[in-house]
Amino acid sequence: MLTEGVMAFLDQAAKEARAELPDRNSSLFLSGVLDSFTLIDFVTLLESECNIKIDDADLRPENFDTIAKVEGFIRRTRGAE
Amino acid sequence: MSCFITGYGSALPQRVVTNAELAPMLGVTPDWIEANSGIRERRWVEADQAASDLAVAAVRDALSDAGTRAEEVDYLIACTLSPDYQVPGIAPIVQRKLEGCRYVPAIDLRAGCAAILYGLQLARGLIESRAASTVVCFGAEAQSKGLDLHSRSADLSMLFGDGAGAVVLSSEEKLTDKAREYLVRVDDILIETDGSFAEDLIVRAPGTANGARWLDAEQLAAGWHHGSMQGRTVILQAVRKLADAALRIAERNGISLDEIDVVIPHQANANLLRSMAKQLSISEERVVTNVDRFGNTSCASAFLALWQAHLERRFRVGSYAQFLAFGAGFTWGASLCTVRESTNRRAL
Chain X
1 MLTEGVMAFL
11 DQAAKEARAE
21 LPDRNSSLFL
31 SGVLDSFTLI
41 DFVTLLESEC
51 NIKIDDADLR
61 PENFDTIAKV
71 EGFIRRTRGA
81 E
Chain S
1001 MSCFITGYGS
1011 ALPQRVVTNA
1021 ELAPMLGVTP
1031 DWIEANSGIR
1041 ERRWVEADQA
1051 ASDLAVAAVR
1061 DALSDAGTRA
1071 EEVDYLIACT
1081 LSPDYQVPGI
1091 APIVQRKLEG
1101 CRYVPAIDLR
1111 AGCAAILYGL
1121 QLARGLIESR
1131 AASTVVCFGA
1141 EAQSKGLDLH
1151 SRSADLSMLF
1161 GDGAGAVVLS
1171 SEEKLTDKAR
1181 EYLVRVDDIL
1191 IETDGSFAED
1201 LIVRAPGTAN
1211 GARWLDAEQL
1221 AAGWHHGSMQ
1231 GRTVILQAVR
1241 KLADAALRIA
1251 ERNGISLDEI
1261 DVVIPHQANA
1271 NLLRSMAKQL
1281 SISEERVVTN
1291 VDRFGNTSCA
1301 SAFLALWQAH
1311 LERRFRVGSY
1321 AQFLAFGAGF
1331 TWGASLCTVR
1341 ESTNRRAL
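Here the protein sequences line up with chains X and S, keeping their order. Counting from 1, one number per residue, gives the positions in the first sequence under my numbering. Counting from 1001, one number per residue, gives the positions in the second sequence under my numbering.
Derived by calculation from the structure, the hints in this document are not laboratory data. The beta-carbon is built from N, C-alpha and C at its ideal position, and this holds for glycine as well. Some hints could be false.
Sample of chain S residues lacking proximity to chain X, with all beta carbon distances greater than 12 Å (derived) [what the hints assert, rightly or not]:
| no. | residue |
| --- | --- |
| 1 | D1194 |
| 2 | M1276 |
| 3 | E1341 |
Dumping the calculated DSSO-like pairs for lysine-lysine here, alpha-carbon to alpha-carbon at most 27 Å [stated by the list, open to error]:
| no. | chain 1 | residue 1 | chain 2 | residue 2 |
| --- | --- | --- | --- | --- |
| 4 | X | K53 | S | K1278 |
| 5 | X | K15 | X | K69 |
| 6 | X | K15 | S | K1278 |
| 7 | X | K69 | X | K53 |
Using the sequences and the hints, build the whole thing.
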């Protein structure tokens, strides 16, 4: 589960994009919630909220495409740490 | 022996291409282009203009600004992604067109939009090792000739403009009598590369990784001779890596970012520059931008921003300036410069 802070960010991004927050397996990009620039803020937030350090090699948009993928990515990153 | 920037030059094509003119070709609206890039217009060359034509004009401009004669140039360093020919590079052509230039070394750097940093690092090395006293480094692009003017490439083709910028770099011994308010000394350069993203920003053809022929009808039909970009990856990586490079070069020189007066970045996209400033917690006023007027001029863009900073008197004696660039490869980095009082202020 993503933290309240991360979900609040996505809710706000959806509101600003005038989009619906998609279900956990649908694309945050295609729904318009995240774009290239909100993604940067999202990644920065994930690092601080989830207390992880994201390696540049893992900074690929596909890791952040859906809520489910973000959750999986955080789990893998924590496991690797 | 230190390396100083003593002259700044530019050359821009006359033809202005507004978003209103470009948008219908790309199947988008002018507002969409501006919202996604911050670009309002860009310059495009005419059919009979090549990158070297812009380059030589910018070099002449920089030499004039420096008060340096072409005969005094010891080395030419070109940065371009849109050369006149596949081979040779444009540096030899600029050597030919630059009246008075001797048979000096003249090379092209293929380091994407970060080439300015490679050029400055090479120039600094040549000057500090006394292998050269006066080096001209320039970026020139005629990228409009290679754009895919189709909706499938709107996100990339909306960005690019043509232009050229140049700087003259000299050792103390070669500083001319020309009166100037300040000299920008190139103190440090940090450059890095991560080839795992090589295909994320690419022009595939002509290329020897493409099969039996480096360019054939099939590749042309697939548009491999046009640029392609994984936009989200490029932006995500660029902002992170530029911010990291900016911080680390400041740190290793024992200064804080607050002490840097002016930041001169590659003009990729206004939104990217804004994100970078936000990541670094620096005010946007400190960042030199011209992407709204000239678009992304690739290898030329940071040179043009440097020329603009000089023109707008953004350099303040006693302060620091920082150049930042990111490009295909990925290659990226930062430089740190100090702005020093000129020893010759007689005519001011």
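Structure-based check of each hint:
For D1194/S, the non-interface assignment is contradicted: its Cβ lies about 7 Å from the closest Cβ of chain X, within the 12 Å cut-off. The claim that M1276/S is not at the interface with chain X is violated, since a C-beta of that chain comes within 12 Å of its own (minimum 9 Å). With 12 Å as the threshold on Cβ separation, the claim that E1341/S sits away from chain X holds: the shortest Cβ distance comes to roughly 39 Å. Distance hint between K53/X and K1278/S is fulfilled; the C-alpha atoms sit about 19 Å from each other, no more than 27 Å.
Restraint check for K15/X and K69/X: the C-alpha separation of about 21 Å stays at or below 27 Å, so the hint holds. Restraint check for K15/X and K1278/S: the C-alpha separation of about 21 Å stays at or below 27 Å, so the hint holds. Between K69/X and K53/X the CA atoms are separated by roughly 17 Å; this keeps the pair inside 27 Å, and the hint holds.
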